[in-house]
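> Given the sequences, and given the hints that come with them, work out the whole structure.
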Amino acid sequence: ETVTVFAAASLKTALDEIAERYEAEEGARILRTYAGSSVLARQIAQGAPADIYLAANSAWMDHLEAKGAIRAETRRDVVSNTLVLIAREAPDIPDLGQPEAWLGAERLAVALVDAVPAGIYAKAALTSLGIWDEVAPAVVQTDNARAALALVASGAVGFGIVYASDARAEPRVRAIHGIPAALHPPIRYPAALTARARADGAAAFLDHLSGPGARAVFDRWGFLPPGPAAPPAP
Amino acid sequence: MSLDLSVQHRFDGFALDAGFTAPEGVTVLFGRSGSGKTTIVNVVAGLLRPDRARVSVCGEVLCDSASGRWVPAARRRIGYVFQDARLFPHLSVRQNLTYGQRFSPAPLGTAQSARIVEMLGLGALLTRRPGALSGGEKQRVAIGRALLSGPRLLLMDEPLASLDEARKAEILPYLERLRDEAQMPLLYVSHSTAEVTRLATTLVLLHEGRVARAGPVADVLSDPELAPMLGVRRAGAFLTGRVARHHEDGLTELTSPAGAIFLPRVAAAPGATLRVRIAAQDVLLAAAHPSEISALNVLSVEVLAVRQGDGPGVMVQLDAGGERLLARITRRSAEALGIAPGRRCYAIVKTLSVAPFAIGENATADP
Amino acid sequence: MSLDLSVQHRFDGFALDAGFTAPEGVTVLFGRSGSGKTTIVNVVAGLLRPDRARVSVCGEVLCDSASGRWVPAARRRIGYVFQDARLFPHLSVRQNLTYGQRFSPAPLGTAQSARIVEMLGLGALLTRRPGALSGGEKQRVAIGRALLSGPRLLLMDEPLASLDEARKAEILPYLERLRDEAQMPLLYVSHSTAEVTRLATTLVLLHEGRVARAGPVADVLSDPELAPMLGVRRAGAFLTGRVARHHEDGLTELTSPAGAIFLPRVAAAPGATLRVRIAAQDVLLAAAHPSEISALNVLSVEVLAVRQGDGPGVMVQLDAGGERLLARITRRSAEALGIAPGRRCYAIVKTLSVAPFAIGENATADP
Amino acid sequence: MTGWLGPEEWQAVALSLRVALWATVLSLPPGIFVAYALARWRFPGKLWLNGLVHLPLILPPVVTGYLLLMLFGAQGPLGRALEAAFGISIAFRWTGAALAAAIMGFPLMVRAIRLSIEAVDPRLEAAAETLGAPRLWVFATITLPLALPGILTGAILAFAKAMGEFGATITFVSNIPGQTRTVPSAIYAFLQVPGAEGAALRLVIVSIVVAMGALLVSELLARRVSARVRGS
Amino acid sequence: MTGWLGPEEWQAVALSLRVALWATVLSLPPGIFVAYALARWRFPGKLWLNGLVHLPLILPPVVTGYLLLMLFGAQGPLGRALEAAFGISIAFRWTGAALAAAIMGFPLMVRAIRLSIEAVDPRLEAAAETLGAPRLWVFATITLPLALPGILTGAILAFAKAMGEFGATITFVSNIPGQTRTVPSAIYAFLQVPGAEGAALRLVIVSIVVAMGALLVSELLARRVSARVRGS
Ligand SMILES: Nc1ncnc2c1ncn2[C@@H]1O[C@H](COP(=O)(O)OP(=O)(O)OP(=O)(O)O)[C@@H](O)[C@H]1O
Ligand SMILES: Nc1ncnc2c1ncn2[C@@H]1O[C@H](COP(=O)(O)OP(=O)(O)OP(=O)(O)O)[C@@H](O)[C@H]1O
Ligand code: MOO
Ligand SMILES: [Mg+2]
Ligand SMILES: [Mg+2]
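Chains as they are written, first to last, in the numbering used here: chain A, 9 to 242; chain B, 794 to 1160; chain C, 794 to 1160; chain D, 3 to 234; chain E, 3 to 234.
Derived, one-sided and incomplete: chain A residues facing chain E with beta-carbon distance under 7 Å: (1) 46; (2) 123; (3) 150; (4) 151; (5) 162; (6) 164.
Result set (SDA-like, lysine to any residue): computed pairs, CA atoms no more than 25 Å apart in a straight line: (7) E:48 <-> D:219; (8) A:20 <-> A:31; (9) A:20 <-> A:39; (10) D:48 <-> E:229; (11) A:20 <-> D:207; (12) D:48 <-> E:214; (13) A:20 <-> D:11; (14) A:20 <-> D:96; (15) A:75 <-> E:197; (16) E:48 <-> D:220; (17) E:48 <-> D:223; (18) E:48 <-> D:222; (19) A:75 <-> A:193; (20) E:48 <-> D:229; (21) A:75 <-> D:77; (22) A:20 <-> E:69; (23) A:20 <-> D:180; (24) A:20 <-> A:194; (25) A:75 <-> A:203; (26) D:48 <-> E:228; (27) A:20 <-> D:203; (28) A:20 <-> A:233; (29) D:48 <-> D:140; (30) D:48 <-> D:69; (31) A:75 <-> D:69; (32) A:75 <-> E:198; (33) A:20 <-> A:203; (34) D:48 <-> D:146; (35) A:20 <-> D:10; (36) D:48 <-> E:220; (37) A:75 <-> D:72.
Note that these hints are calculated values from the structure, not bench results. Note that the structure is predicted; figures quoted are calculated from it, not measured. Glycine included, every Cβ here is placed at the ideal spot set by N, Cα and C.
As structure tokens, then:
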């Protein structure tokens, strides 16, 4: 039987690996569809043939829950994440709160700060630090976190704030400072069965996602366990 | 079969207000450049919807602004040879020729089609496209296309203007046959005297959008008053005669009230009525009957009127046994010969200047 | 000023291989539809690059396949009146007319331009666009456009075919003046006898892509052998005379070796040399000198040759005081008058049939 | 070659081709009709029709996709009507991807065809009418063949657009492997993953090759067509 | 009205207009040149040029944006060259947005103009040459005016595309309020947030109104142009 998963695009590598193993072990077929969380949520609301929704933030899951498009009782957080400040070859910085020291005349790439989760969290953190107004003119917003990473990796922009999981996968950048999780709302990846999910296999795969086998793969790609996350070491 | 037409239309700077009846035969629209000939033809074809008009072909009303009736061009069955050939550039000559055939309720037979293609000299061009044709070739294809669509009325807007004399001489007899056999009315725009005198049964003279004169071609052309408008070289008169016999030396002899008339052989049976045209330009006058002269036609005439023009010539109207004749001679000769109304003299006409002119008869000139 | 040309080109199914020299004056290209006239004109204009060619205008080589020389059309300064008018549809008549002026090294003056516009009757059309012109109006604009560009050689491809006689009669004298005054060579394609006889100094007869005959128009037209090719109605001869005096009654008298010749008044000073054309069709023969006849020109002639055609006519070549004359009469008359080489008789020519024909002279017919 | 692209990628290429072909072929008849109407007729609402045709060009593709989803989704009015009438659903199907691609390419197609139809000399159509041909026949034998260069151009533009369309497609029919994952969607997914640029590049090359092939064919066709009309 | 859209949205509208206008105006000369070359010349590499022009249509917009970034970014070869030669940088500037829009609209523009140039009767150009006009003058006074319908069409297509372009723009120049946040970027941002559809809709309406206005003007111009050529 086939299980259709609608997942946020940034989960592609890890989820592909988990699903392939699962398919090999369990003989089920996992059909993965990747796109932005917002797009997927709207499509599920319009009756898309998804069994599992795996979002990159809670807002769209809340939205679907309110519409009754998911089975609320199956909702859970699968992984969490943290943000890091990245650069191509700058040294580690001592104090995030002194942007004039590390940013200089460079720009800072982040995802859309009012719309895309990675951007929303980054803005929250910078606001908590009290430096948002100072940094804002230098901020370059992209349509998703991955594009911000690419900007830094290609050298088009000096600094960026991206997910730790993304930064780890891109060899051309390094994390020069962690962003303490306390500075922004928790970054969670919730998953749930959709209201139209019929397959029993769907529930099984959803459970597998929060199980230890998947956990190991997520870890390897830089994702953290769900729940209160420990602040990463700088 | 006849065409009745009255049309009013205004273009910026040009007003057309014309009406005439085109009986069976060929009606030639004649008039200066810009006098409205093409505009009228377009109205008849259904391509221009004028401000006000009434057009009917043998009783069927094609267009009547009073009643709002308007038969679309496609349902008029009127063949149209355009002033510009307007061939379909993406179709071969053959496809151009046969384009209209499938819509004709009375399609031409293969033999007839083949004859038209041959007459127009298109046999070798059938696979070409219009882009690879010379100007005259294009025009011939356009004529063929209109003929092959089997129309009940044919409009031709200067169809022969870009053809050489030899080709014209081949096509003209065919148009004559069409006129005489198929009894298809033809509305024909032309600037050429030769075509007018060979083809026209009716002549409509247009002048700045109005009909200056319309009527049987003989009347219009032999009206000395119209000579300046027609061009003096075009004026002439018509004699009616009966074919007496065909001579062995290639001449046909007519008996007419004006006397015996010889002309190049004509394909009409003895006894048939024939009209011949004699251009004023080609008539000599002599005080006495000349002897030993190469002209075979010497007619005894009486001067009816003398009309003085601007130049050195005068137009003399003559009575020849009840028929009218026109002669254009110099003022000097007129004076020398004492040409004045009432004077009797002789009109000399070269045999080879007499043009046969057939109306409603199976008569055409031998080539 | 002269044009030398030799050109070879193959189209699918048509091979052109022609060469001739067009001296000063008007060279008429004459030939049946599809004989290659437009193709030659296009080569001269620089619009068609033929397989092989050499074209030079007064010594300047415009195109030579041997050396690879090719002067682009824009730098040839050759005016071209196309068989289809080819007006610029988005420009007004005025803009069309003046299009070439800015590039002319010798632009026409305002007065001269105005005269051309007036002669062509374009004054009222200047603000129109070509889409709103009649067929003849378009052609007149095309002529004006070429003239106003101040060319050193003019190509005209059947420029007058779509014009009425009156308009032609207005434009022809202008072309004559152009030929005579501006000494601009004209290469002129025409099917019209009237134009050929009025304008041509040189005639090039094309037949299926080859030059059948080329030479001074008088020679070509008075060659009885070419009569069938030219069409019998076009055959004729030329007499050269000296203007003796202008009479009050609108006649001009010439003295010629053949005798005195009267013709409609010509604008040439007494003493000027003049050529006149007499069509074979217009000549009567008489055994005795006719008296009291309206024709003023009676010439004593001797028969040189008689050529029998297919029809009822024969072509008679005559000697008139050393000049050649052609007469076309019926076989019957020829026999009746005993026309045979050596026979002396009289040729009668109507005054009004004598057409003036000027070469390199400031002579034009009074309208 | 199969080693170079994975089976999923080949699937995406095949799907993109199918979607682009159907989108082009199916939008041609309405495209020609609308272009003819805009070029030759006068009717009330002409400006509105013209505007409507251009909408997909003006709007961000995502918005077009969103509107399509609202219309043809399970809850959308057209989606419900189609479901009720024919039991058909096109959202999240390759047919929906073809619809999205067709709509995105429609303005390009209509504009090119309209331009060519406007360039056909109406006097030729008039000549055909005097030969007795009914309007529709004139259209089919004169207007259409003479407008062929524009129709070819319109088709190739629509095809190319369909090969590259992403925003509207992913929004309307999502990115389901084997069903709606077209090449651009696959490229997008790869671009979301750090380090997967190589895979994305391979797909980019494939789509360039395919589209260039289509371009080449259309150029050769166009050359032949115009040679035909110019004569010889 | 200012109450209906916030100042940031007005800024986006103004910016989109500026970007679209410049993109259209600046791509017209090269567009006409390339279209002419493709329509009338034969040269080696013609097929390649044709392919290159169509690339932005074939590729997903994000890829085009990405390629632009690689070329014109701070580290890109063209970006560095521009910086060194003129001290100009276009990445993350509105000028970059205009470039992206121009490139995305280029295939549409070139195709339309090419179609119109191909429809100009070369015999008219030949006639102009016999009147002594040099090639460039013939082009400017005969070819160009007769191809005007296609140039207008090309311009309006490019303008509309520029108003709607999102993928390449956001990838190349990002989304900086007041500098590179065009209307489509703003709409996209609204669509990412649950419940912000209303705000997105307002911007959609604004861009429709602007583009319809442009369409209307172009239609009226085109009508006048073709009336001119048809006569009267
Ligand atoms: N592009 C072409 N391809 C093939 N054949 C051609 C092409 N152009 C002309 N021809 C042929 O070449 C011959 C000469 O053509 P041309 O136009 O020179 O004739 P023409 O003497 O001007 O005739 P007309 O008096 O009818 O205008 C014709 O038989 C014509 O069909
Ligand atoms: N569309 C138009 N708009 C304005 N005026 C026009 C239009 N079409 C024709 N005319 C004018 O109407 C008059 C009559 O034109 P028409 O074409 O009927 O002339 P014609 O007698 O056929 O002349 P020709 O012998 O030169 O072909 C001309 O003065 C012409 O300029
Ligand atoms: O209009 Mo797009 O930005 O080519 O999908
Ligand atoms: Mg006319
Ligand atoms: Mg010709």
